[in-house]
Each structure stands twice: as structure tokens, then as C-alpha cells.
Amino acid sequence: MRQRTSTLGTALIATAMAGVLLTLRAWAVDPTELPDARLQARYLALTHELRCMQCQNETLADSPVDLAADLRREVRDLLLQGKSDDEVRAWMVARYGDFILFRPRFSPRTAWLWFAPGVALLIGAAVCWRIVRGRTALVDADSEPVGDDGPVPGTRG
Amino acid sequence: MNRFALPMAVFVALVVVLAIGIKHSPQKGIILSPLIGKPAPPFSLPSLNDAAHVVASQDLKGRWYLLNVWGTWCVECRAEHQMLLEARDAHAVPLIGLDWKDDDAQAREWLAQLGNPYEAVALDHSGNTAVDYGVYGAPETFLISDQGIVVYKYVGPLTREVWTKEILPRLPAHPAAKS
Numbered sequence: 219m220r221q222r223t224s225t226l227g228t229a230l231i232a233t234a235m236a237g238v239l240l241t242l243r244a245w246a247v248d249p250t251e252l253p254d255a256r257l258q259a260r261y262l263a264l265t266h267e268l269r270c271m272q273c274q275n276e277t278l279a280d281s282p283v284d285l286a287a288d289l290r291r292e293v294r295d296l297l298l299q300g301k302s303d304d305e306v307r308a309w310m311v312a313r314y315g316d317f318i319l320f321r322p323r324f325s326p327r328t329a330w331l332w333f334a335p336g337v338a339l340l341i342g343a344a345v346c347w348r349i350v351r352g353r354t355a356l357v358d359a360d361s362e363p364v365g366d367d368g369p370v371p372g373t374r375g
Numbered sequence: 008m009n010r011f012a013l014p015m016a017v018f019v020a021l022v023v024v025l026a027i028g029i030k031h032s033p034q035k036g037i038i039l040s041p042l043i044g045k046p047a048p049p050f051s052l053p054s055l056n057d058a059a060h061v062v063a064s065q066d067l068k069g070r071w072y073l074l075n076v077w078g079t080w081c082v083e084c085r086a087e088h089q090m091l092l093e094a095r096d097a098h099a100v101p102l103i104g105l106d107w108k109d110d111d112a113q114a115r116e117w118l119a120q121l122g123n124p125y126e127a128v129a130l131d132h133s134g135n136t137a138v139d140y141g142v143y144g145a146p147e148t149f150l151i152s153d154q155g156i157v158v159y160k161y162v163g164p165l166t167r168e169v170w171t172k173e174i175l176p177r178l179p180a181h182p183a184a185k186s
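Line by line, the protein sequences give chains F and B.
Its first residue numbered 219, the first sequence is counted upward by one per residue in our numbering.
Its first residue numbered 8, the second sequence is counted upward by one per residue in our numbering.
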């Protein structure tokens, strides 16, 4: 019963969230339409991965502030000039620095950012392995044949 | 004892790393400009007080100047205005204003009321020049050398401390006594 309730609850929450998302779409701050569907797709992808420097936790696509509108216009103009995605990113970084990219580039300065999760995973795996091995050793020791009276201190090993 | 040694070591290492990060992070919320040490982006914009003329970076070459990004809509700009007037009176370096996405009439009124610290004010109606300079919130102040290189950038209202500790020492043979 408990299980069913929570499934129902999850479904309700999911529906509510989908509803909110659809509504947000209608309220989107950016009505820009590029003439070509492929350009439009690239425009949307780029504006969703560039940071609004003023609000800092919003993308250019989501931010209603003036500066974000200016930068969206620059993205649009650069795309219409035939610039590649990388050229648009480089244009932004030249002015605002790496911080404008929500997905940091790989460079000597950002290498630790990229490697840290892998290193953390390795450390976690090593810790798990040590714990599991320690427990397995305990189980092995426990399952050694013992007398009918159960384990007697001093009889092991 | 041994059981806790490793987690403790990891914890201490984490604290050290985070402490270094906090200690070395620049002022909260300030993003280092990639323009430092690079040529200042060129601009040629209409002048606020002289409709017949333009304020152009080309014409400013050969002199050091402060490029101050402001706007009448910017509350913090009012806060720094007194300091700008002091800076003007120190005669250490000329101030060039970049009036960012502003109304010309309001800007003129602002300068008439509060005093005009600028040698010239360039009008950036489109905001393109501000974007070229990586401006993300007025006021911002750039120190530009006689070679046209961005030497220093300060985000936020200019303070006397920034003026004496960051800007004056960067000027060639600065007349610090006058500040």
C-alpha cells in the first residue's frame, strides 16, 4: 500500500512538473527566431550553455535582464555571419572569460575540474573495496567450522 | 585510532584545499577580466556634450585614461560619483565616461546636478562597446595605458582605497601627493 501511494505521488509530482515546464515554455524570455531551423537549433543550444554574467546562475536563454538580451543578439548576429559554435564561444570568452561557459573548456587551468570526479570515483571505489574485503574476511573467519556449542573463545584460527 | 586516521587525513586535506580556495578567490562575485594586458577594444561613439564629435579610442592613444562605465539607471554609480569628482580634481589621469544604455537627456541632467567628472562621455546606446569590454554591471572602471592596453579593471563603485592602492600606483610617475 505504501509502495502504491508513493508511486501515485511520484506520478502526480511528475505531472505537476511537466505542467510547470510547459507553462514556462510559454513564458520564455527569448522570442528570437532565426530564418533557418538548423541555425535556430544551434542558437538555442548556445544560449542555453552561456551564462548570464549579471545573474550568474541563469543561462542567456533564461535571463530576462538587458545584458542577456544584448548577448543573445550577439549570438544571433555571429551565427548569421556564419561563425561556428566554437567561434561564438571564443568570442564570448574573449570578453567575459571562461566563467561565461557553463560547460568549462578543457585547459591546464580547468584540468582539475575535469579529472576531480574521476579521481573521487577511484577513491570511493578503493574505500568500498577495502570495506568489502574487510567484511568478507570476517565472514570467512566466522564460517569456519565450529563445535556444536557454537564459537568458543580462543578456538578460532 | 587507525580507523579514524584516514578519514581524518582526508577531512584535513579537504579543509586545506577549501581554505586556499577561499583565501585566493578574488573579491566575492568579481570575475577577472580576460582583457587585462590586452589591447583595449576600440570604440568610436557619439559624444554626450558635443553632438558633432565622436569619442574614439583612437584619439585617446598616447595618453593614460580611466574608462568609467556608468548610467543614470545605476544606483551604485551615484555612490561612486563623489569619488570620481575627487579623482578628476587629483589631475592624475583623465576620466572618460561610457554612458551605458542610457537616456541622453537624463545623463546630461545627472552631470549638471552632480558635477561632471569626465573629460568626455561616450554614448553606448546599443551596449555593444560595453559587451566588447566584458562589462556585466555598472559601475566598472578600466585603466587604459598610453599604449592602449587594459592595465586594470575594477568592478563596483570606485572607492578612495581602490584609487590610492590600485590605480595611482599603476600610473607612470604618479603624482600621488595630489590625491
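It cannot be assumed that every hint is accurate.
Stated by the list, open to error - Per label pair, the in silico range of CB-to-CB distance:
1. F:Phe324 to B:Gly44: 46 to 54 Å
2. F:Arg327 to B:Gly69: 47 to 55 Å
3. F:Asp254 to B:Ile43: 21 to 29 Å
Claimed, not checked - Here are some chain B residues the structure puts well away from chain F; computed CB gaps all over 12 Å:
4. Val17
5. Ala26
6. Thr171
Don't read these hints as lab results, they were simulated from the structure.
Since we're looking at a predicted model, the values are computed, not measured.
Glycine residues also receive a C-beta, built at the ideal position from the N, C-alpha and C atoms.
Going through the hints against the structure:
Distance hint check: the CB atoms of Phe324 of chain F and Gly44 of chain B are about 23 Å apart, inconsistent with the given range 46 to 54 Å. The hinted window of 47 to 55 Å between Arg327 of chain F and Gly69 of chain B is violated, with their beta carbons roughly 35 Å apart. Separated by about 38 Å at the C-beta atoms, Asp254 of chain F and Ile43 of chain B break the suggested range of 21 to 29 Å. Residue-level check failed: Val17 of chain B sits 8 Å from the nearest beta carbon of chain F, not beyond 12 Å.
With a least CB separation of 16 Å from chain F, Ala26 of chain B remains clear of the 12 Å interface cut-off, as annotated. The claim that Thr171 of chain B lies off the interface holds: its Cβ sits roughly 27 Å from the closest Cβ of chain F, which is beyond the 12 Å cut-off.
Consistency note: the structure conflicts with the earlier hints numbered 1, 2, 3 and 4.
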